[in-house]
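Novice: Listed in order, the protein sequences are those of chains A and B. Residues in the first sequence are numbered from 1 upward in steps of one, following my numbering. Residues in the second sequence are numbered from 1 upward in steps of one, following my numbering.
Fair warning: there could be bad hints in the mix.
Listed next, the in silico DMTMM-like pairs over lysine to aspartate or glutamate satisfying Cα-Cα at most 20 Å (straight line) [what the hints assert, rightly or not]: (1) K167(A) <-> D281(B); (2) K265(B) <-> D165(A); (3) K167(B) <-> E184(A); (4) K168(A) <-> D379(B); (5) K167(B) <-> D286(A); (6) K167(A) <-> D286(B); (7) K167(A) <-> E283(B); (8) K265(A) <-> E283(B); (9) K168(A) <-> E283(B); (10) K168(B) <-> E283(A); (11) K168(B) <-> D281(A); (12) K302(A) <-> D165(A); (13) K315(B) <-> D360(B); (14) K167(A) <-> D263(B); (15) K50(B) <-> E27(B); (16) K168(B) <-> D286(A); (17) K168(A) <-> D360(B); (18) K167(B) <-> D165(A); (19) K167(B) <-> D263(A).
In case anyone wonders, no lab produced these hints; they're calculated from the structure.
2 protein chains.
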Amino acid sequence: MKNIGILGSTGSIGTQTLEVIRRFPEEYSLTYLTTNGNIELLVKQIEIFKPEYVCIAREELEPDLRDALGNTAVHISSGRNALLDLAANNEVDLVMNGLVGGAGMEPTIKAISAGVDVALSNKESLVMAGGIINNLLQIHGTQLFPVDSEHSAIWQCLTGEDHADIKKIILTGSGGPFRTKPIETFEHITKEEALKHPNWDMGAKITIDSATMMNKGLEVIEAHWLFHLPASAIEIVVHPQSIIHSMVEFADGSVKAQLGLPDMKIPIQYALTYPHHLPADWERLDLTQIGELTFESPDLNKFHCIQLAYEALEKGGTAPAALNSANDEAVAAFLNGAIPFHQIPNILEEAINNHEFDSDPDILAIQEVSTQISKFIQDKLSVTA
Amino acid sequence: MKNIGILGSTGSIGTQTLEVIRRFPEEYSLTYLTTNGNIELLVKQIEIFKPEYVCIAREELEPDLRDALGNTAVHISSGRNALLDLAANNEVDLVMNGLVGGAGMEPTIKAISAGVDVALSNKESLVMAGGIINNLLQIHGTQLFPVDSEHSAIWQCLTGEDHADIKKIILTGSGGPFRTKPIETFEHITKEEALKHPNWDMGAKITIDSATMMNKGLEVIEAHWLFHLPASAIEIVVHPQSIIHSMVEFADGSVKAQLGLPDMKIPIQYALTYPHHLPADWERLDLTQIGELTFESPDLNKFHCIQLAYEALEKGGTAPAALNSANDEAVAAFLNGAIPFHQIPNILEEAINNHEFDSDPDILAIQEVSTQISKFIQDKLSVTA
Numbered sequence: 001m002k003n004i005g006i007l008g009s010t011g012s013i014g015t016q017t018l019e020v021i022r023r024f025p026e027e028y029s030l031t032y033l034t035t036n037g038n039i040e041l042l043v044k045q046i047e048i049f050k051p052e053y054v055c056i057a058r059e060e061l062e063p064d065l066r067d068a069l070g071n072t073a074v075h076i077s078s079g080r081n082a083l084l085d086l087a088a089n090n091e092v093d094l095v096m097n098g099l100v101g102g103a104g105m106e107p108t109i110k111a112i113s114a115g116v117d118v119a120l121s122n123k124e125s126l127v128m129a130g131g132i133i134n135n136l137l138q139i140h141g142t143q144l145f146p147v148d149s150e151h152s153a154i155w156q157c158l159t160g161e162d163h164a165d166i167k168k169i170i171l172t173g174s175g176g177p178f179r180t181k182p183i184e185t186f187e188h189i190t191k192e193e194a195l196k197h198p199n200w201d202m203g204a205k206i207t208i209d210s211a212t213m214m215n216k217g218l219e220v221i222e223a224h225w226l227f228h229l230p231a232s233a234i235e236i237v238v239h240p241q242s243i244i245h246s247m248v249e250f251a252d253g254s255v256k257a258q259l260g261l262p263d264m265k266i267p268i269q270y271a272l273t274y275p276h277h278l279p280a281d282w283e284r285l286d287l288t289q290i291g292e293l294t295f296e297s298p299d300l301n302k303f304h305c306i307q308l309a310y311e312a313l314e315k316g317g318t319a320p321a322a323l324n325s326a327n328d329e330a331v332a333a334f335l336n337g338a339i340p341f342h343q344i345p346n347i348l349e350e351a352i353n354n355h356e357f358d359s360d361p362d363i364l365a366i367q368e369v370s371t372q373i374s375k376f377i378q379d380k381l382s383v384t385a
Numbered sequence: 001m002k003n004i005g006i007l008g009s010t011g012s013i014g015t016q017t018l019e020v021i022r023r024f025p026e027e028y029s030l031t032y033l034t035t036n037g038n039i040e041l042l043v044k045q046i047e048i049f050k051p052e053y054v055c056i057a058r059e060e061l062e063p064d065l066r067d068a069l070g071n072t073a074v075h076i077s078s079g080r081n082a083l084l085d086l087a088a089n090n091e092v093d094l095v096m097n098g099l100v101g102g103a104g105m106e107p108t109i110k111a112i113s114a115g116v117d118v119a120l121s122n123k124e125s126l127v128m129a130g131g132i133i134n135n136l137l138q139i140h141g142t143q144l145f146p147v148d149s150e151h152s153a154i155w156q157c158l159t160g161e162d163h164a165d166i167k168k169i170i171l172t173g174s175g176g177p178f179r180t181k182p183i184e185t186f187e188h189i190t191k192e193e194a195l196k197h198p199n200w201d202m203g204a205k206i207t208i209d210s211a212t213m214m215n216k217g218l219e220v221i222e223a224h225w226l227f228h229l230p231a232s233a234i235e236i237v238v239h240p241q242s243i244i245h246s247m248v249e250f251a252d253g254s255v256k257a258q259l260g261l262p263d264m265k266i267p268i269q270y271a272l273t274y275p276h277h278l279p280a281d282w283e284r285l286d287l288t289q290i291g292e293l294t295f296e297s298p299d300l301n302k303f304h305c306i307q308l309a310y311e312a313l314e315k316g317g318t319a320p321a322a323l324n325s326a327n328d329e330a331v332a333a334f335l336n337g338a339i340p341f342h343q344i345p346n347i348l349e350e351a352i353n354n355h356e357f358d359s360d361p362d363i364l365a366i367q368e369v370s371t372q373i374s375k376f377i378q379d380k381l382s383v384t385a
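Pulled out of the complex, with its shape left as it was, chain A reads as follows (with noise of 0.2 Å):
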C-alpha cells in the first residue's frame, strides 16, 4: 500500500490522479488533498476518499469547509503554511504535486526535502529552480518523477538505457490553436479562442501557455534539468496529431518515441505505477484509425516565447525563475482581460530584462525576483489601465 498526498486536488491533474487511484483500492491509499477553493468538490472527494488530512488554501474559507463537512474525522488546515507542513509530511510515499505556477515551486522542495518522492506536474517547479531541486533530490536521495506528457515520454524512452547514449531528446508538442494563424492576426486573438486546445483538456493556465506554446519553452527548461542535457541537445519538433509525446535520438541514430491518445492519465498512472505499466481500460490508440502524423518545425518568429526561454535557459541563474513568474503575470493579466494576446513574449522580454540577475540564486533570491517580477508587471498593467 502506497501512500500518496496530492497538491491541487481539485483541479485538472488531482481529479485524474483521483480517477487513477480510485481503480487501485488495494495499492493506494490517500493522506491528503488540498485545494485552493473548492469546497464543493473537495468535500466529495473527502467521502469517497477519506484522506487523512485536508488542506484549503484560501484560509478565508476555513470555516465554510467545516460547516460543508459537519462531524468528520478528516484533520482540516488551511492557508499557505498549512500547505508547506502537509508538503512535508513524510507519512507519504509519493506526492502528486498538480499545482498551477510558480505556487508549485515551494511545496515541491518540502517533500523532496522531507524524504518524499514527487511526481512532478509542476513544471514551474524546475523551470524556477531546477538545480537547488536537483541538488536537494541527491542529498535526501529522492526521486522525481515526471507527469508532463511530454516528460514522462522521454522518461519512458529512457527506461534501461544508458544517459551516457542519449545523442538528444525531441519535444513534441501540437503547435496550439494558433500554429497555422497568420501572424498579422495575432492581435483580434480572443480570450475564448485562446483557451481551446485543438487536444488536450487542461487547465487554463497552461492552455493558453500552449497557445504562445511558452508551455513547450518551460518544458525545454524543465527537460534541461530532469535529464541532464543542454539546450542544444534538447530539440522541439511541432506535431498537431499530440499522438508522439516526445523522442529520444540515441548516439546510433535509433530514435524511441511514446505514443498514446492524448490522455493525461497515462502519464498520471505512470508516475504512480512505475517501473510497471497497470492494466486500463480506457480507448486505446490505433493508429489505422488515426491514419497520418505529421511533423513540422516550429515557427520561432510567431512563437517568440519558445526563444525566450532558449535564452533563458542559457542565461541560466535567475533567468527562467523570471520568465517564469512573469509569464504566470502575463497570462493572469490575459486571462483577466488585462492584456492582448500578442503582448505576452514583450512583456515577458521586458520583465526578464530589467530584473535583478543573480547567477547563483538561492530559494530566498528566486522567491525574491518572483515578487519583484510580479509587482514590476503589476505596476506597468495598472499605469497603462
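Chain A is already provided as a structure; the job is to place chain B on it using the hints.
Specialist: For chain B alone, kept in the frame of chain A given last:
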C-alpha cells in the same frame, strides 16, 4: 575485444555487418567469415579483416578460392559440414547469422548449442524451429539478438520493461511495392517490379517476401518465439514510409516505438553493441523533413501470405516449417521465371495442406518436412513445366 563470426559475410547483412565492425577496430575481432560462393568479395574481406577461418559453402569452389588467396595465414574450409563446424566454434563470442532461407536454421542451432550468442538475421531459424531454439537457449544459457529491423525495434522498446506488462506488439511493414496495386493486375507482375522495394535495400529473397508480404507473416512467427507472445497479441500495421520500425503497446495503453531511417546498419550495430548505442556518423532521421507518417490495415485478401502465416502459427508443430520451406521454393521458382507472382500463396497453401503434419517435431522431423516440401514443389513444377 569481442570475437565475431559471420555466416554469409558476402551477402547484404554480412557486408553491412563488416561496415559496422570496421568502425570499431578496438572492439571487435573477426574469427570467421563464410560465403556461399562469392570468391572475389570474400578475398577482399579477408585482406581487410584478417579472419582466422573462412569457409566457402560450395565445396567445388575451394580450389578457386585457394588460387585467389595464394599464400595466406587464414584457415580455409569448404562445404556444408565445414560451415556447420564453424558455426559451432566457441572461440566466438557472437555469431552474426546472415544466411538466407531455411539453410540458416541448422547453423543457428549449432552456435547456440556451443554456447555462442547469435545475432539473428535469418528469421527462418525461428520460423522453422522456434520452440527447439528457445529450449536450447535455456539449456545453454545463450542469447539471441534480433537483427530484423522490426524485431530489433521491439527489443529496443522492451529494454528495461517487464514482459508481463506487454499488451501487444505491433509489427510495421511498408506494404511492399504492390500495396496500392489492384489485385486484378497481380497476375502480370514481373520479377523486376517485385524486386523494386520502395524503402529497403535488401537481398532478393527477402525483397520478394516483402512484395508478397510473406515477410511480415514470417515476422509474426519470429516475434512469437522471440517475445513469447500468442498470435493474438501480434498485430501488423502497414506504414509505407518505414520510419517507425515497430511498436509495443503496454497494459496502460502507453505505446513505445523505435524509429529511424530505413537502414539495416542500425539494427545490425545494435545487435553488436547491445546494451549500448555506439556513435555512428550515418544520416539521421529528421521527421520535419519527412513531414508525414501514414498507417493503414494490411489487405489480407491481396496479401493472403499473411493469413497463411497466422494459420501456421496457430496450428504449430511442423506447419510453420512447411510454410517456410514452401516459400523458399516458391520464391526461387518465381525468381527463375517458373511460376507467376500471384501463384505464390496458392502453392504455399497446397504444400502446407499436403505435408505430413507432426505436432511436436524434433529437428530431424523439421528437416524431413523441409525436404518433403521441396520435393513436392519441384515435382509439381516439373509436371506443369
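Novice: Hints first: check each against the structure and report whether it holds.
Specialist: Okay, the hints, checked on the actual structure:
no.: 1; hint: K167(A) <-> D281(B); result: 12 Å, holds
no.: 2; hint: K265(B) <-> D165(A); result: 17 Å, holds
no.: 3; hint: K167(B) <-> E184(A); result: 48 Å, violated
no.: 4; hint: K168(A) <-> D379(B); result: 57 Å, violated
no.: 5; hint: K167(B) <-> D286(A); result: 13 Å, holds
no.: 6; hint: K167(A) <-> D286(B); result: 13 Å, holds
no.: 7; hint: K167(A) <-> E283(B); result: 13 Å, holds
no.: 8; hint: K265(A) <-> E283(B); result: 36 Å, violated
no.: 9; hint: K168(A) <-> E283(B); result: 15 Å, holds
no.: 10; hint: K168(B) <-> E283(A); result: 15 Å, holds
no.: 11; hint: K168(B) <-> D281(A); result: 15 Å, holds
no.: 12; hint: K302(A) <-> D165(A); result: 34 Å, violated
no.: 13; hint: K315(B) <-> D360(B); result: 11 Å, holds
no.: 14; hint: K167(A) <-> D263(B); result: 18 Å, holds
no.: 15; hint: K50(B) <-> E27(B); result: 15 Å, holds
no.: 16; hint: K168(B) <-> D286(A); result: 12 Å, holds
no.: 17; hint: K168(A) <-> D360(B); result: 49 Å, violated
no.: 18; hint: K167(B) <-> D165(A); result: 28 Å, violated
no.: 19; hint: K167(B) <-> D263(A); result: 18 Å, holds
Going through the hint list in order, the structure does not satisfy hints 3, 4, 8, 12, 17, 18.
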